[in-house]
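Peer 1: Sequence:
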Amino acid sequence: MLDFGDKQKEIALLATRIIQRMKRDWMSTGRRPTGICGAALLLASRAFNLNRSVADIVNIVHVSHGVVKRRLDEFANTPSGLLTIDEFNNVDLEESEDPPAFQESKKRMIEEEKRKRDEEKAADSAVNEFEPLRREFEVELQKRLKNSPYAKMIVGNIADQGVPELSKASCILRDEMMDTVFELAEEHSPSTSSYSEYGPTLESLGLKPSYSQQVERKINETIKSDSNNTEGDGNLDLT
1 MLDFGDKQKE IALLATRIIQ RMKRDWMSTG RRPTGICGAA LLLASRAFNL NRSVADIVNI
61 VHVSHGVVKR RLDEFANTPS GLLTIDEFNN VDLEESEDPP AFQESKKRMI EEEKRKRDEE
121 KAADSAVNEF EPLRREFEVE LQKRLKNSPY AKMIVGNIAD QGVPELSKAS CILRDEMMDT
181 VFELAEEHSP STSSYSEYGP TLESLGLKPS YSQQVERKIN ETIKSDSNNT EGDGNLDLT
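For the sequence shown, position 68 matches number 68 in full-length UniProt numbering, and the numbering has no gaps at all.
Treat the hints with caution; some may be incorrect.
Unchecked claim - Calculated pairs, PhoX-like style, for lysine-lysine (alpha carbon to alpha carbon, straight line, at most 25 Å):
id, residue 1, residue 2
1, Lys-116, Lys-106
2, Lys-106, Lys-23
3, Lys-121, Lys-107
4, Lys-69, Lys-106
5, Lys-23, Lys-69
6, Lys-121, Lys-69
7, Lys-106, Lys-121
8, Lys-107, Lys-23
9, Lys-9, Lys-23
What the hints assert, rightly or not - Restraint ranges, calculated between C-beta atoms of paired labels, are given here:
id, residue 1, residue 2, range
10, Lys-7, Asp-73, 19 to 29 Å
11, Met-178, Glu-120, 16 to 26 Å
12, Pro-33, Glu-95, 16 to 26 Å
13, Lys-121, Ala-101, 50 to 60 Å
14, Ser-125, Met-178, 53 to 63 Å
15, Glu-95, Asp-3, 36 to 46 Å
16, Thr-29, Cys-171, 52 to 62 Å
17, Arg-115, Pro-33, 35 to 45 Å
18, Glu-95, Arg-115, 24 to 34 Å
19, Glu-113, Leu-50, 23 to 33 Å
20, Ala-123, Ala-55, 48 to 58 Å
21, Thr-29, His-62, 19 to 29 Å
22, Arg-108, Val-54, 24 to 34 Å
23, Gly-30, His-62, 11 to 21 Å
Honestly, the hints are just simulated from the structure, not real lab data. Source: prediction; values computed, not measured. Positions of the beta carbon are idealized from the N, C-alpha and C atoms, including for glycine.
When you get a sec, could you build the whole thing from the sequences and use the hints?
Peer 2: Put into structure tokens, the structure is as follows:
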């Protein structure tokens, strides 16, 4: 069906050699043999300039297209996959590669370590950027709280330089107090509705109230004056 013609024997020998190399590199362990047979047939046919597609091989070995492609990729990642046809036929590599599953796990582990290193670098960079702001904040606290007994605890050094335990305790206490200040600032931020109570009036800004505001104010003043008159003697004026 693949129609290799007079090159069928050479292709079969090369495919067998490729399968042996795949087994030596642990590519057949735990896998169906049809996958590596299909990949070996495809490589051998193309080595003799017979252009056979993956679909042609799949119809013969009855495995999925993805299985053949994965076996080809795994073989390409081995040192044997980097050899030419003549080198592959004449050179036997003594060393065996690690199983593909182990290589994939090792690759993921390396990527995870790289990701962690990048995150640590980003965290260190953020700390370095925050350090000047923290110092400015401490200086400002020292100015505002210089008369307070807690100022020295916040921005000063409560430790004796000769006692390492006290020095570490001062650092922990200062960091915790700084964290508490930021947490309280975020949790108890004033609502926008309360701003109007302390905001400037229109008169203080030199602006005149609108006509509707003037009418509303006069109505409120009239109601207030009427209530005050009614509460004066307790008698209703019917005149």
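Peer 1: Against this structure, judge whether each hint is valid.
Peer 2: How the hints compare with the structure:
A distance of roughly 15 Å separates the Cα atoms of Lys-116 and Lys-106; the hinted pair therefore holds under the 25 Å criterion. As the CA atoms of Lys-106 and Lys-23 are separated by approximately 20 Å, the hinted pair is consistent with the 25 Å bound. For the suggested pair Lys-121 and Lys-107, the alpha carbons sit about 21 Å apart, so the restraint of at most 25 Å is met. With a C-alpha separation of about 21 Å, the suggested pair Lys-69 and Lys-106 falls inside the 25 Å cut-off, and the hint holds.
Between Lys-23 and Lys-69 the alpha-carbon distance is near 17 Å, which keeps this suggested pair within the 25 Å criterion. This hinted pair does not check out: Lys-121 and Lys-69 have alpha carbons roughly 38 Å apart, beyond 25 Å. Taken as a hint, the Lys-106 and Lys-121 pair is honoured in the structure, with Cα atoms around 23 Å apart against an allowance of 25 Å. Between Lys-107 and Lys-23 the alpha-carbon distance is near 21 Å, which keeps this suggested pair within the 25 Å criterion.
Of the pairs offered as hints, the one joining Lys-9 and Lys-23 holds, with about 21 Å between alpha carbons and a cut-off of 25 Å not exceeded. Separated by about 26 Å at the C-beta atoms, Lys-7 and Asp-73 satisfy the suggested range of 19 to 29 Å. Distance hint check for Met-178 and Glu-120: the Cβ-Cβ separation is about 22 Å, which falls inside the suggested range of 16 to 26 Å. At roughly 23 Å, the beta-carbon separation of Pro-33 and Glu-95 lies within the given 16 to 26 Å, and the hint holds.
The beta-carbon spacing between Lys-121 and Ala-101, approximately 31 Å, falls outside the hinted interval of 50 to 60 Å. For the pair Ser-125 and Met-178, the beta carbons lie near 20 Å from each other, so the given range of 53 to 63 Å is not met. Taking the beta carbon of each, Glu-95 and Asp-3 are about 37 Å apart, inside 36 to 46 Å as hinted. Between Thr-29 and Cys-171 the Cβ separation comes to about 55 Å, which falls inside the hinted range of 52 to 62 Å.
A C-beta distance of roughly 37 Å is found between Arg-115 and Pro-33, which places it inside the suggested range of 35 to 45 Å. Checked against the hint of 24 to 34 Å, the pair Glu-95 and Arg-115 passes, with Cβ atoms roughly 31 Å apart. Distance hint for Glu-113 and Leu-50: a CB-CB separation of about 44 Å, inconsistent with the stated range 23 to 33 Å. A hinted range of 48 to 58 Å for the beta carbons of Ala-123 and Ala-55 is consistent with their spacing of about 50 Å.
Checked against the given bound of 19 to 29 Å, the beta carbons of Thr-29 and His-62, roughly 21 Å apart, stay inside it. For the hinted restraint 24 to 34 Å between Arg-108 and Val-54, the CB-CB distance of approximately 27 Å keeps it satisfied. One distance hint, 11 to 21 Å for the beta-carbon pair Gly-30 and His-62, holds here, with the actual separation near 19 Å.
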